[in-house]
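For the record, the sequence lines run as chains A and B.
FYI, our numbering numbers position 183 of the first sequence as 183, with every residue one higher than the one before it.
To convert, take the position in the second sequence, counting from 1, and add 1000; that gives our numbering.
Because the hints were derived from the structure by calculation, they are not lab data.
Bear in mind that the values here come from a model prediction, so they are computed numbers and not experimental data.
Built from N, CA and C at the ideal position, the CB exists for glycine as well.
Incorrect hints may appear among the rest.
As the list claims (entries may be wrong) - Selected chain A positions facing chain B (in silico; Cβ < 8 Å):
(1) Pro38
(2) Leu231
(3) Ala253
Stated by the list, open to error - Listing some non-contacts, in silico: residues in chain A with all C-beta distances to chain B over 10 Å:
(4) Val6
(5) Val192
(6) Leu257
Unchecked claim - To spell it out: a stretch of chain B is covered by chain A in this simulated footprint if at least three of its residues, at any positions, have a beta carbon under 8 Å from a beta carbon of chain A; those stretches are:
(7) 1018-1024
(8) 1030-1038
(9) 1280-1290
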Amino acid sequence: MNPFLVRARRHVAFQLGAVLLLLFVGTALVSLVWTPHPYDELQMRAKLLPSSSTYFLGTDHLGRDVLSRLMVGARTSIAVGLIAVALGMSAGVALGAWAAARGSWVDEALSRASDLIFAFPAVLIAILITSVLGASAQNAVLAIALFNVPVFARVTRGAALTLWGRDFIRAATAMGRGPFGITLHHVLPNIVSVLIVQATIQFAVAILAEAGLSYLGLGAQPPLPSWGRMLRDAQTYIFQAPELAIWPGLAIASVVLGLNMLGDGLRDLLDPRLRLLRVG
Amino acid sequence: MIDFLTRRFAAALVTLALATVVVFTVVEVLPGDPALVMLGTDARPDTLAALRAQYGFDQPLPVRYGRWIAGLASFDLGASHAYGTPVGKLIGDRLMVTLPLGALALSWALLVAIPLGVFAAWKHGGPGDWGVMGFAQIGLSVPNFWFGIVLVLLFAVTWQVFPAGGFPGWQEPLNALHALILPALSLSLGEIAILTRVTRSAMLDTLREDYVRTARAKGLSESRVLFGHALRNALIPVATVAGLIAGFLIAGAVIIESVFRLPGAGQLVYDSINNRDLVVIKNVVILFTLLVLLVNLLVDLAYVLLDPRPRVSA
């Protein structure tokens, strides 16, 4: 069997994380074809109902089925998180690889720029952007993507710089390959595992950020359900229907927990230095 | 040492200068007409013109930027459009809530995280270590605003020992502190998780050092070895991360103050977005940036104090 799978089978946290993530993605996929009730069906006579066999997790203040909304909300979280991380990662990896390949002023300028973005708390960047462009899921994606750029740029630059000093890259340079070809054929393939681990963790961070933004009303707009928004609404009715404030939070926490465990597990499994440490 | 601090200070100033350019661009240049953003597209032309004249939006961009910087330097930030009060006073009043909240959260986080991290490193690989690390993993995954809502559910709705939100003001110091406890607890959750992890890994590094073996060999008690020798050296990375976290605390305050309806600077940012009060937004954001940079400078200073070896670059 593949040695990765052999080690993965012994890593409990990794497996637990993978199961939580699969559950999350599965729920989002199922919600595309089936939900117990239409997620936006208003039933004013059935509002704030407790759990029952008809409404498995009860109904919200507009009589909408909470479980259906949670399922569709998973879709929002995945879409926003995935697109934001993909955008931030593409730009960040490109910039980081460029800085490592060129060195000198490019490297210096990019490092200063990423320092600058890090000086702004991420939520503030998001708030600034959404305050000017308006609150929407797209602008939340843009804001989250923006603060992912320097994260990936730093990780890529650091990992790539160590490779640029290695013999096989010197050899490739000596054979006349340009910096672009070397980056594409030698540097990037060798840092893929670092990037995968980072992307997993950033996906978790992005889901938390999306939840926070939509809690503030700066993410996906109604009628599209999002977990953060559901918590905001639930808080208004916390004395009448306290359990409404439990489910969306539990959903966010378990997905983020799953991704964090998966990320940590992947680092253990993919990082060659850690593997050596275990052998030795 | 002085050289190192001077260089860090200069770098912070450059970052701050760049930050003002970015904020100015985002808030005043990108939207096209700031007056239109503030009043909405259905505003009458004469009201728009009056607002432009009032805030100088009819001046060329470099003049507007120059005026803003001059205002920042002399703490004359103009008047808030929504509140009608001077922005400087508005922000100052709000900081009286946010700064104590952040300080409370950070001290609580350090108080819990350092002993937990030391304990986990001491019991490395055992069930105690696993328990602490599991707790840290959960702390990193639970959104702090949801943790706040759960605390409200338990301590305000069910047991009614803490207020569900609001702030009585510092005229009643005990009640004010009482109102800040649940928010500070929620704000500190993620920070506890991060600081516990950092303390543990830093302790694991120092516990492998020769001087720790020497300390044990000469018969010092385990607590003297852990806290007197290993922890002192493990504190450097902890201080670094605590400084970085200060930025998260400020950003987290925006959400936590909204959860608990605290009249702090974070809530001011949130309200200003809803009020489209660009004058307040740009100044609060710069102030937050300044705070983050200041805390990081303090961390640099702490480096020098904790670690006597001279540092060349950061």
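For each hint, the structure was consulted:
1. A cut of 8 Å between beta carbons decides the hint on Pro38 of chain A: the least distance to chain B is about 26 Å, and the hint is violated.
2. Because the closest C-beta pair between Leu231 of chain A and chain B is about 6 Å apart, less than 8 Å, the hint holds.
3. Taking 8 Å as the C-beta cut-off, the interface hint given for Ala253 of chain A holds, the closest approach to chain B being about 5 Å.
4. Taking the minimum C-beta to C-beta distance to chain B, about 22 Å, the non-interface status of Val6 of chain A holds against the 10 Å cut.
5. Every C-beta of chain B lies more than 10 Å from that of Val192 of chain A, the closest at about 25 Å, which supports listing it as non-interface.
6. Not every CB of chain B is more than 10 Å from the CB of Leu257 of chain A (nearest about 4 Å), against its label as outside the interface.
7. Three residues within the 8 Å Cβ limit are the bar, and the stretch 1018-1024 of chain B against chain A gives 4, so the coverage statement holds.
8. With a cut-off of 8 Å between beta carbons, the stretch 1030-1038 of chain B has 3 residues touching chain A; three or more are needed, and the interface restraint holds.
9. As drawn, the stretch 1280-1290 of chain B meets chain A at 4 residues by the rule of a beta-carbon pair under 8 Å; at three or more, the given contact holds.
The structure is inconsistent with the numbered hints 1 and 6, although it conforms to all the rest.
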